[in-house]
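Protein chains in written order, with the numbering used here: chain A, 16 to 211; chain X, 9 to 228; chain S, 126 to 355.
Keep in mind that the hints were calculated from the coordinates and are not lab data.
Heads up, the beta-carbon is just placed ideally off N, CA and C, and yes, glycines get one too.
Wrong hints could be hidden among the right ones.
[As the list claims (entries may be wrong)] Over 10 Å on every C-beta distance to chain A, these chain X residues come out as not near it, computed from the model:
1. K18
2. F24
3. L75
4. D77
5. A112
[Said to hold, decoys possible] Lysine-lysine pairs mimicking DSS-like chemistry, simulated, CA-CA at most 25 Å apart:
6. S:K308 with S:K280
7. A:K173 with A:K51
8. A:K142 with S:K242
9. X:K81 with A:K110
10. X:K81 with A:K109
[What the hints assert, rightly or not] Derived DEER-like restraints, expressed as beta-carbon distance ranges:
11. A:F146 with S:A297: 33 to 39 Å
12. A:F146 with S:L214: 24 to 30 Å
13. S:P168 with X:Q211: 51 to 57 Å
14. A:M106 with X:S212: 43 to 49 Å
15. A:W56 with S:D290: 51 to 57 Å
16. S:V303 with A:G75: 40 to 46 Å
17. A:K109 with X:Q219: 46 to 52 Å
18. S:F165 with A:L21: 38 to 44 Å
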Amino acid sequence: MHAEPLSLIFLNAAIVNNFVLALFLGICPFLGVSGKKETAWNMGLATMFVMLVSSAAAYGINWLLTQLGLEFLRLICYIAVIASAVQLVEMFVKKTSPALFRSLGIFLPLITTNCAILGLALFQTSKEYDFVQSLVYALGAGVGFTLALMLMAGLREKLSLARVPSVSQGAALSLMLAGLLSLAFMGFAGLGGGHG
Amino acid sequence: MPELLNPQEKLTPDTFLRGLWEENPVFVMLLGMCPVLAVTSTTLNAIAMGLATTFVLVCSSLLVSLLRDWIPKQVRIASYIVIIATFVTIVDYAIQAISLELYAALGAFIQLIVANCVILGRAEAYASKQRLHTTLVNSLGMGAGFTLALLALGTVREVLGNGTLLGVHLFSPDFQPWIVMILPPGGFFVLGVWLLLFNWLRQSKVRRAAQFSGAPADAR
Amino acid sequence: MTTEVQIQPQAATTPAWAMLRTLGGIALLSGLLVALVYQFTLPIIAENQRVLTEKAVFRVLPGAVGKRDFVITPEGGLAPAETGASGDLIYGAYDADGRLLGLAITGSGPGYAGPVKVMFAYDPGCDCITGSKVLQSNETPGFGDKLDFDPDFLKNFEALDARLDAAGTALANAIVTVKHGTKSEPWQIDAITGATISSKAMGRAANSAAQRAVPAIERDLAVLTSPPSP
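With the rest of the complex left out, here is chain A (with noise of 0.2 Å):
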């Protein structure tokens, strides 16, 4: 696993083994804000951003508790930086578009609970990655989030214009929807896996 080439990482993670499509993380964030393209975006973004952040500083506070022999303390620990790199983000979207702000609302802290972030984190130690390798990982894993969330967006923009049955509004026809892209994707598996 060490010797996994870096674009072999970035595959997996963004298409073969999406986040969303494939492993079920971030679902939440997934049905809520992929109502259109341009909110699905920025919160891909903002995702993309907090998986790096966290990936990182995940890396290093693994080595530490590793050092200390303290891995109980890891779960603890991530959640704790993963909150703290929201609260970061959070700041910085509020300072720099307050228009974004206001259209992510609860969905920005909301972050926190995003399990793909803290899946994220436990993955990339579990694969024992080195800091490049998880960093590569995280850029994939946000690269594949906001694509499954784009891909939703468009979807849901444009039955929006359709007319459907109203048991079916809302979740129900979105979850739908993810079921027959997920399948889509499942066309994707053993994309570059055979090598390496």
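Once you have looked at the hints, place chains X and S on chain A.
Chains X and S in isolation, oriented as in the chain A frame:
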């Protein structure tokens, strides 16, 4: 003083039952969906996950309720998260001690219980404002509702996708399982269908209630 | 009428020390709880792991009743695990008379949905792998299951060649998975139709396990058969 700002709920059967139907965390509040989709490929995994999540939900809610007067507003989310992470870590080791095979089957999603919005949501919306006994009952109800949702998916996916229920073969060996049910798309589809069903049931309930009261039926 | 309004200890602007005190207190409590549970469950988990490993070893080497742990040393040799050396573990399986039946070695390969960890039985007498058991996999049910149950696939592992090259530091021929029906050499594995990725993972697991363990086994065979230290 808290009595003025946060009306203390009285303990009624509704405190528990709400979590099963009206305020079902998955089907109504649309929270905590990641584990619902991920670990429901077999019924056993679904039950185990439901129990583990309920344990974390109840313990963390109790602790938050106990400490609610001492946690300043600004640091409440951070405090809740640390408390939740503690109990998740405990459950993580507990499951490893009980059965390593179960642990391998549930994978990373045990630790991901921390990110389950249901638990944080309940801590913020309920446990931080209510007393111990109501919190206990309400958390149990929410946990039960969550487990029910997991079961709903787990049973359907396992029966259709593997031909078994809790490992017991239900059909003849010629049964060609609908493999996609166990794969990620199947999770999405089955949850979508359940939501559809749930919505339809709720809408017909509202329609019937409106018919009795004569008010115009609001379909949502 | 005066209403007695209890002012909360923290006023509108919560002093920093109150926040720190709360966070610090909770962190301390958490750390304590987790540390306690960890210490309590550590021996139980270790025992679970030991039982699981033993079950797998006895499954790939039928007839074994005892197992001993050995470590592959950095020099490429073997040392009994009791000596406290660190390195990859392999397991010696012994029958009731204490004779060495074979070795159990583990390897992993990238599968469809994550790493596939496999335990293989290696027989120093025939320089080949004689059995396999999947330890951990998230492969698609129905396809990945075949790795452990498909009779044709399992035949691959009855005498999978793992001879060493002249230098004794690597396999003479790397174990590799080939397309179904094209197996022509004893060190090749015939893939399962429709489960190529999982089959390839199995092949890579076998190769990785053998490349690491066989040179060490052949070098220090005596260590395996010497009686255990009291």
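Do the hints match the structure? See the list:
Distance to chain A confirms K18 (chain X) as a non-interface residue, since its nearest Cβ pair spans about 30 Å, more than 10 Å. With 10 Å as the threshold on Cβ separation, the claim that F24 (chain X) sits away from chain A holds: the shortest Cβ distance comes to roughly 25 Å. At roughly 17 Å from the closest C-beta of chain A, the C-beta of L75 (chain X) stays outside 10 Å, upholding its exclusion from the interface. With a cut of 10 Å on Cβ distances, D77 (chain X) stays outside the contact zone with chain A, its closest approach being about 23 Å.
Consistency note on A112 (chain X): stated as away from chain A, and its beta-carbon is indeed over 10 Å from all of that chain's, at 12 Å minimum. Proximity of K308 (chain S) to K280 (chain S) is assessed by CA-CA distance (about 12 Å); at most 25 Å being required, the pair is judged to hold. About 10 Å separates the Cα atoms of K173 (chain A) and K51 (chain A), which keeps this hinted pair within 25 Å; it holds. At roughly 13 Å between alpha-carbon atoms, K142 (chain A) and K242 (chain S) fall within 25 Å of each other, so this suggested pair holds.
For a cut-off of 25 Å, the pair hint linking K81 (chain X) to K110 (chain A) stands: about 23 Å separates their Cα positions. The suggested pairing of K81 (chain X) with K109 (chain A) holds, with an alpha-carbon distance near 20 Å, which does not exceed 25 Å. Checked against the hint of 33 to 39 Å, the pair F146 (chain A) and A297 (chain S) passes, with Cβ atoms roughly 37 Å apart. A hinted range of 24 to 30 Å holds for the C-beta pair F146 (chain A) and L214 (chain S), which are about 28 Å apart.
Under the hint 51 to 57 Å, the C-beta atoms of P168 (chain S) and Q211 (chain X), about 55 Å apart, fit the expected range. For the hinted restraint 43 to 49 Å between M106 (chain A) and S212 (chain X), the CB-CB distance of approximately 47 Å keeps it satisfied. Restraint check, W56 (chain A) to D290 (chain S): a C-beta distance of roughly 55 Å satisfies the suggested window 51 to 57 Å. Taking the beta carbon of each, V303 (chain S) and G75 (chain A) are about 44 Å apart, inside 40 to 46 Å as hinted.
The hint said 46 to 52 Å for the Cβ distance between K109 (chain A) and Q219 (chain X), and at roughly 48 Å that hint holds. Between F165 (chain S) and L21 (chain A), the C-beta spacing of about 41 Å keeps the proposed range 38 to 44 Å intact.
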